[in-house]
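Asks: From first to last, the protein sequence lines stand for chains A and B.
Per our numbering: the first sequence = residues 1 to 190.
Per our numbering: the second sequence = residues 1 to 190.
FYI, nobody ran anything at the bench for these hints, they're computed from the structure.
If you're wondering where the values come from, they're calculated on a predicted model, not measured in any experiment.
Be a bit skeptical, because a hint or two may be false.
Claimed, not checked - Heads up, simulated BS3-like pairs for lysine-lysine below, C-alpha to C-alpha not over 25 Å straight-line:
#, chain 1, residue 1, chain 2, residue 2
1, B, K62, B, K40
2, A, K62, B, K3
3, B, K3, B, K40
4, A, K53, A, K40
5, A, K154, B, K65
6, A, K65, A, K40
7, B, K30, B, K62
8, B, K154, A, K65
9, B, K34, B, K62
10, B, K101, A, K154
11, B, K187, B, K101
12, A, K187, A, K101
Said to hold, decoys possible - Now the stretches of chain A that chain B is said to cover, found in silico as 3 or more residues with beta-carbon under 8 Å:
#, stretch
13, 30-43
14, 56-67
Even for Gly, the Cβ is constructed at its ideal location relative to N, Cα and C.
Protein chains: 2
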Amino acid sequence: MNKLHEHFSRIFNSFEEQTVTAFAQAFNYKEFKKGEYLLKEGEYCNHLTFILKGAMMCYYLKDGKQYIDEFSLDHEFITDYTSFLTHSPSNKNIQCLEDCKVYVLSNESLNQLYQTNSANFERLGRVMAEQLYLQWHEKSKSLLMDNATERYLKLIQNRAELPQRVPQYLIAEYLGITPESLSRIRKTSV
Amino acid sequence: MNKLHEHFSRIFNSFEEQTVTAFAQAFNYKEFKKGEYLLKEGEYCNHLTFILKGAMMCYYLKDGKQYIDEFSLDHEFITDYTSFLTHSPSNKNIQCLEDCKVYVLSNESLNQLYQTNSANFERLGRVMAEQLYLQWHEKSKSLLMDNATERYLKLIQNRAELPQRVPQYLIAEYLGITPESLSRIRKTSV
């Protein structure tokens, strides 16, 4: 049982052992250097990526401005699932903020799993899509209603080490505020 | 073949006829009067709702302020899928803006479908969750980057009749602008 299998057993704990094993075995190990891109705007996202160790950020570019929509750390998935599902060019950029050790699953391999062991993997695919829906629904709600302090607290929820691993100016950019305002928020929200 | 079946054959066109038929048969017909609530904050959302005819809006209340996050018209699904999936109390309100004719599917019936005809319905559940993910991911991106004009154009995309069916002050509220600003946007974006 490798490390990936260990994490998947925890994440997909309602699934049979053999389903989790086959899922983990379909991933391939890769490494990226700090600053390298996992995905660039205009490319097709053909992989799901699970970060074993490392930090990445996902951002859009619009009219010359950078909009950060996500940071991902150890034991989290990162992908442009929209491009992955619709086979359309991505409008996201995913960049490594640290050297990264990851496991990747190709779209082709996932579809093979759906076909060969249909019900179990369709369920696994459903659960993954449901989890992604929950995450983005929550994010959308937060963008609609929350102020910068509330968005900061939600960002570091369950990821207390995030401010130590991601430069402060990027977190400020994510929140749409100045680094000085972020310092104030961090001081008052400890 | 009833009207619901007809719509589902179009929406789920990659599925076998018998899967679509069984799915449509699990829904029950209901009617709601204008002003009535399909769901109120604090309640559990135990149903998926497909609007055959009518208009609904979905909103949150936070610190006494109303935040509209969605309008739904004929032939669209509406639900609090987060509450539905996680069996937790909803923090949304879903209200009818017109008299509504709808079809509802209970969580219990959907789970029965997953169990009895496993692979086909798991796939259908996966496709539904993927579509919802795509929709909320796009919404989240729009909230992050788009101005009111861009958000208005996306709102009425494929739903040109929306401004005729939803009061202007509610659309302005959705966009976070005054009704006067919305008038200007509508005049310049025709």
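Asks: It remains to establish, for every hint, whether it holds in the given structure.
Replies: Results of checking the hints against the structure:
{"no.": "1", "hint": "B/K62 x B/K40", "verdict": "holds, 14 Å"}
{"no.": "2", "hint": "A/K62 x B/K3", "verdict": "violated, 42 Å"}
{"no.": "3", "hint": "B/K3 x B/K40", "verdict": "violated, 28 Å"}
{"no.": "4", "hint": "A/K53 x A/K40", "verdict": "holds, 21 Å"}
{"no.": "5", "hint": "A/K154 x B/K65", "verdict": "holds, 21 Å"}
{"no.": "6", "hint": "A/K65 x A/K40", "verdict": "holds, 16 Å"}
{"no.": "7", "hint": "B/K30 x B/K62", "verdict": "violated, 30 Å"}
{"no.": "8", "hint": "B/K154 x A/K65", "verdict": "holds, 21 Å"}
{"no.": "9", "hint": "B/K34 x B/K62", "verdict": "holds, 24 Å"}
{"no.": "10", "hint": "B/K101 x A/K154", "verdict": "violated, 38 Å"}
{"no.": "11", "hint": "B/K187 x B/K101", "verdict": "violated, 33 Å"}
{"no.": "12", "hint": "A/K187 x A/K101", "verdict": "violated, 33 Å"}
{"no.": "13", "hint": "30-43", "verdict": "violated (count 0)"}
{"no.": "14", "hint": "56-67", "verdict": "holds (count 3)"}
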